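Protein chains: 4
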Amino acid sequence: MPVHPIRDVAHVGYVELLTPVLDESIRFFVDVLGMDEVERADGASYLRAFGDYERFTLKLTASDRSGVGTTGLRAASPEALQARVAAVAATPHGGEWSAGEPGRGDTYHFADPDGHPMALYFDSAPYEAPADRRPTLKNQPQKLGDRGVGVRRLDHVNFRCLDVDANCTFVRDVLGFRMSEQIVTDEGDRQLGAWLHVTQKSYDIAYGGLDKDGMPGRLHHVAYFVDNREYVLRAADIFLDAGAFIEVGPAKHTIQQTFFLYVYEPGGNRIEIISDTRLIFAPDHEPVTWTATERKRGQAWKTIMPQSWFDYATPADELPVEAGVR
Amino acid sequence: MPVHPIRDVAHVGYVELLTPVLDESIRFFVDVLGMDEVERADGASYLRAFGDYERFTLKLTASDRSGVGTTGLRAASPEALQARVAAVAATPHGGEWSAGEPGRGDTYHFADPDGHPMALYFDSAPYEAPADRRPTLKNQPQKLGDRGVGVRRLDHVNFRCLDVDANCTFVRDVLGFRMSEQIVTDEGDRQLGAWLHVTQKSYDIAYGGLDKDGMPGRLHHVAYFVDNREYVLRAADIFLDAGAFIEVGPAKHTIQQTFFLYVYEPGGNRIEIISDTRLIFAPDHEPVTWTATERKRGQAWKTIMPQSWFDYATPADELPVEAGVR
Amino acid sequence: MPVHPIRDVAHVGYVELLTPVLDESIRFFVDVLGMDEVERADGASYLRAFGDYERFTLKLTASDRSGVGTTGLRAASPEALQARVAAVAATPHGGEWSAGEPGRGDTYHFADPDGHPMALYFDSAPYEAPADRRPTLKNQPQKLGDRGVGVRRLDHVNFRCLDVDANCTFVRDVLGFRMSEQIVTDEGDRQLGAWLHVTQKSYDIAYGGLDKDGMPGRLHHVAYFVDNREYVLRAADIFLDAGAFIEVGPAKHTIQQTFFLYVYEPGGNRIEIISDTRLIFAPDHEPVTWTATERKRGQAWKTIMPQSWFDYATPADELPVEAGVR
Amino acid sequence: MPVHPIRDVAHVGYVELLTPVLDESIRFFVDVLGMDEVERADGASYLRAFGDYERFTLKLTASDRSGVGTTGLRAASPEALQARVAAVAATPHGGEWSAGEPGRGDTYHFADPDGHPMALYFDSAPYEAPADRRPTLKNQPQKLGDRGVGVRRLDHVNFRCLDVDANCTFVRDVLGFRMSEQIVTDEGDRQLGAWLHVTQKSYDIAYGGLDKDGMPGRLHHVAYFVDNREYVLRAADIFLDAGAFIEVGPAKHTIQQTFFLYVYEPGGNRIEIISDTRLIFAPDHEPVTWTATERKRGQAWKTIMPQSWFDYATPADELPVEAGVR
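Chains as they are written, first to last, in this note's numbering: chain A, 144 to 469; chain B, 144 to 469; chain C, 144 to 469; chain D, 144 to 469.
Calculated from the structure, these hints are not laboratory results.
Please note that a few of the clues may not be correct.
Identical copies carry no separate label here, and so any pair may be met within one copy or between two of them.
Calculated pairs, DSS-like style, for lysine-lysine (alpha carbon to alpha carbon, straight line, at most 25 Å) [claimed, not checked]:
1) Lys355 - Lys439
2) Lys445 - Lys355
3) Lys439 - Lys286
4) Lys281 - Lys355
5) Lys286 - Lys355
6) Lys439 - Lys281
7) Lys445 - Lys286
8) Lys281 - Lys445
Note that this is a predicted model, so its numbers are computed, not measured.
I would like the entire structure built from these sequences, with the hints used as guidance.
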């Protein structure tokens with residue numbers, strides 16, 4: 144148990160995805176996932192799920208390749224922001240300030256050891272629903288999503304990396320996340336995966352595995368949450384008729400026991416629809432460690448995972464064979 | 144057990160609703176319930192749920208009042224159609240033939256003893272989904288409904304009447320329905336409600352109670368089915384944000400144990416969203432009889448029903464107070 | 144469309160499973176699936192799901208091997224029973240009468256062309272719940288199952304066979320089932336699978352595929368129904384902690400679009416937990432035909448099926464490797 | 144936004160209920176709710192839900208009346224415990240130390256201004272599942288609950304009181320909870336209800352309303368969580384057949400939008416089965432304030448609440464009429 148837990152980061156506030164087919168990606172997130180576009184600026188689209196309290200949680204940026212851009216972390220207070228920026232600046236991974244995304248205040252940009260761009264900010268104008276999105280009950284940010292899947296909120300981001308230990312340590316020691324579960328070699332000498340949380344959800348950022356191609360800064364997936372497992376099944380039904388590429392799921396992870404469904408957005412990035420996320424209330428929660436051998440047991444219900452799920456990450460030059468040519 | 148069960152009627156094929164605000168009613172069924180409009184003719188709109196195999200199951204007809212028009216019954220074969228028409232014609236309730244609704248063949252129109260218009264037909268052109276509704280799997284009529292509630296199929300119609308016995312007898316003896324449940328007076332001398340089925344669902348047409356105002360030919364509700372109880376709850380969430388009038392539910396009926404939610408469409412007619420419909424496979428199923436006293440136990444989980452649910456039927460001059468002025 | 148549909152068989156009334164470990168099998172069905180044992184006779188146990196209206200739907204019989212015994216079909220009436228017995232007797236597959244199972248009347252035993260034992264009966268004493276199983280509402284046979292999975296009712300049986308066409312034709316022409324879906328060779332000259340129904344569920348008996356080992360009379364699985372897909376997921380969670388062998392699922396079939404989960408009972412027979420069964424109300428429903436090539440698309444959400452699901456059938460000398468040694 | 148949020152209390156660790164019929168109460172929590180009894184000491188029973196990480200979360204104590212005993216709060220660390228004890232001791236509500244409940248360390252006992260007994264502790268031996276409860280996956284404390292309702296974990300406690308402002312202020316300022324929602328008079332001069340949280344669930348302790356009888360220290364309800372709304376519906380089905388008194392629900396609250404079902408345990412205390420609890424991640428979340436007039440809108444879907452839900456609290460001399468004589 145950490146004697147002095149750092150609580151300066153409140154939660155993951157947004158993720159930026161890069162897409163070579165911006166318009167198609169927007170249509171996927173709006174028409175199929177049911178998100179709302181709140182703003183479009185040169186080469187970028189800002190989107191929100193109906194339960195997100197900030198203006199947006201997803202930024203789509205036109206690019207020549209797929210991949211992940213900045214992962215934005217909201218600090219718990221102005222003081223907390225300064226404290227974390229100072230901590231980052233004291234490492235070799237220090238960055239610089241810039242004006243924030245629309246509706247957000249000054250933002251400090253840096254990168255994790257693997258090179259995934261990250262940002263810290265605090266000021267964030269709350270979302271004001273326009274007339275046609277105004278909810279009946281005032282304790283929700285906008286009307287329930289009733290188009291397509293209707294995802295509720297951004298849940299987490301899962302990176303590939305070249306050195307899990309280094310990134311896990313950075314996120315834990317410098318940013319104040321705690322580790323809830325990990326995979327280690329049978330000898331216990333090296334991490335093969337790590338799940339970290341800063342909220343009471345059991346993970347907010349994961350380094351789920353080593354990059355198979357030895358490329359730094361790659362993304363495994365970004366996850367959006369729906370309220371229950373039936374809604375994940377309904378998402379699969381909707382993806383089926385929408386012609387989206389379902390990679391695997393719905394099924395249940397062994398690690399974290401969350402209920403998952405993986406699909407690719409048109410830009411080639413993997414998206415997870417997730418439910419049954421677990422909460423950790425124990426102040427002295429001990430991380431759960433799985434060895435590589437234990438990991439071979441597979442998913443909770445023995446779901447057979449396609450090879451692409453282990454190997455594919457973005458940016459990527461091509462999609463897995465099963466996903467067809469875009 | 145009937146020695147010679149009549150199986151000439153296959154199922155309820157469509158229901159016609161009368162509405163003084165046709166455009167608003169169409170918007171409700173399309174945008175909120177998620178149905179598709181397949182045709183519009185002078186003063187009428189034809190709509191379908193995504194799982195209906197016939198072209199339409201709901202006809203909305205502009206009228207000066209709310210209420211129910213024709214309930215269409217599809218016969219099991221051309222011969223079955225002739226047999227049932229002959230049976231109806233032999234009663235005082237005989238009617239006449241006319242050209243069918245769009246996509247349907249010649250239709251015999253008559254009325255039940257209470258005056259609810261009914262029709263018998265057999266020929267029915269199967270639904271051909273247009274390109275943007277074509278499903279991925281060919282064993283479903285069209286893409287899954289992913290807009291609003293997304294109801295799957297027409298389920299049943301529930302009438303008010305002045306004499307339950309007379310109507311129940313007519314539908315059973317002349318049309319070949321079987322009765323699955325009923326409410327009778329404590330003395331057992333009179334029916335207070337009757338649920339009848341011609342499919343293996345436990346009811347397709349109900350005379351759920353006596354009309355409180357002594358008006359013949361009125362409607363209590365028309366029901367559309369969703370796959371599970373969670374989807375009924377989701378419907379309630381959607382109605383809440385859509386500003387639709389939720390009368391009562393979601394909750395569980397004692398009679399038939401179906402899971403219900405009652406809402407009013409803008410024309411003033413009551414619509415039920417239903418799930419957990421029961422199936423009857425027993426060839427010698429005995430009707431379940433509830434006395435008026437037993438009925439006072441209320442709904443399965445003791446849900447308190449508003450007075451309007453007992454009293455309100457359409458056509459009606461005004462909505463219940465709780466429903467607000469349209 | 145059949146001009147004169149035969150409706151003499153009402154539904155599948157029971158299935159008999161053979162098990163080399165009777166006590167373990169009983170514990171599985173009682174403790175894990177949540178069924179009730181209603182009677183035990185020498186070497187056999189009779190079990191029911193909470194929603195079954197007959198006394199039992201599963202007979203477990205001690206045997207030296209796994210496999211399927213008799214599949215009992217309840218006729219629609221005494222006359223219907225005589226008519227079907229006469230039809231069977233007129234084929235090379237005729238059998239003989241014997242006294243029925245406990246609570247059931249005289250029963251005619253025969254076999255389908257592949258040698259799966261079948262039986263026809265009509266008389267069936269309705270289930271009378273003992274005091275501790277008596278429900279609060281009288282329109283259900285007993286209290287809801289609240290132990291383990293809590294399956295509601297027997298759903299269907301799926302056989303392996305050496306000649307799908309022959310068995311499908313027998314069940315259709317002689318017993319009066321209708322075919323709802325089938326798999327055929329790309330040339331269309333031979334059936335590779337057939338799904339048949341006699342209720343308005345879309346299948347009650349299936350010949351899901353050819354036996355890989357060329358053994359006649361084998362079983363692929365027996366299915367019990369739960370009310371919704373979430374309950375199938377819950378079943379998987381329960382099987383996980385109970386140490387039962389989950390072969391594959393929960394996931395969605397392409398054929399019939401039912402939601403499935405396959406598990407092995409301790410005797411080695413495959414059991415399916417199923418939900419989202421479809422209903423067919425169209426009197427002129429056309430069978431859906433899938434070619435072998437279309438079949439290669441896989442399950443609805445592309446779930447990877449283990450080889451055992453295609454190959455394993457009972458009786459079997461050994462379990463698939465993945466299932467471990469019993 | 145509090146500049147210096149206190150984070151010394153981690154979560155509500157247990158609640159003690161007083162019951163005049165201890166054995167019946169135990170049977171209800173074990174057989175119907177599906178909890179496990181982990182220990183019985185003179186006149187008390189200690190119970191846990193399958194997902195609770197501590198040994199127990201419910202203590203049932205034999206008493207001559209119903210009511211609530213101690214609400215135990217687990218501190219975030221030994222230092223946090225000392226800090227909160229010091230803070231309480233500095234108020235007129237200071238208490239004293241005693242040995243903890245089984246498996247828990249030294250505990251500081253005090254009471255809120257209304258007189259509800261409370262306790263602070265830190266040391267807590269983690270639950271070690273016995274062999275027959277050991278889970279297959281090591282990231283859960285024990286096997287999934289597969290008996291009866293199968294509640295997952297303690298969720299919250301809701302008190303009646305004579306002065307909401309005073310108690311809300313105490314819990315907020317002295318214990319470090321934050322308020323997420325409240326009801327105030329139309330004039331805004333007085334609180335009529337307050338919901339407070341110390342975890343990221345949107346409430347852990349509520350003072351839901353003023354006591355109608357002017358009695359201090361009374362309980363409205365204790366809530367246990369299930370994973371989804373379907374499981375709340377299933378709980379209602381189980382309560383129906385178990386003969387438990389369902390007061391109201393399942394339905395959706397306007398305040399907090401949680402999905403509820405209220406039932407009475409045999410001792411007379413009200414128990415809530417809850418799902419769809421909301422999470423608050425915003426560090427600057429503003430409390431939502433409802434006026435008495437707004438409150439009259441009722442529950443989210445307009446569910447009619449019985450008078451007992453507003454009036455009944457424990458200890459009570461008698462049950463509401465509807466609940467029958469025990």
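### Query
Given a CA cutoff of 25 Å, do Lys439 and Lys281 count as a within-copy pair, a between-copy pair, both, or neither?
between (47 Å within a copy, 15 Å between copies)
### Query
Taking 25 Å as the upper bound on the Cα-Cα distance, should Lys355 and Lys439 be classified as within, between, both, or neither?
within (17 Å within a copy, 29 Å between copies)
### Task
Classify it for me, Lys439 with Lys286: is the Cα-Cα distance of at most 25 Å met within a copy, between copies, both or neither?
between (43 Å within a copy, 21 Å between copies)
### Query
Is the C-alpha distance from Lys445 to Lys355 at most 25 Å within one copy, between copies, in both cases, or in neither?
Close inside one copy (23 Å) and across copies (24 Å); limit 25 Å.
### Message
Within a copy, between copies, both or neither: which one fits Lys281 and Lys355 at a CA-CA cutoff of 25 Å?
### Response
The answer is neither: 47 Å in one copy and 28 Å across copies each exceed 25 Å.
### Task
Go through the copies and call it for Lys286 and Lys355: within, between, both or neither, with a Cα cutoff of 25 Å.
neither (42 Å within a copy, 35 Å between copies)
### Query
For Lys281 vs Lys445, is the C-alpha pair at or below 25 Å within one copy, between two copies, both, or neither?
Between. Shortest inter-copy distance 16 Å satisfies the 25 Å Cα cut-off; intra-copy 43 Å does not.
### Homo-oligomer pair classification [Lys286, Lys445; C-alpha up to 25 Å]
between (38 Å within a copy, 18 Å between copies)
Of the numbered hints given earlier, the model fails hints 4, 5; all others are met.
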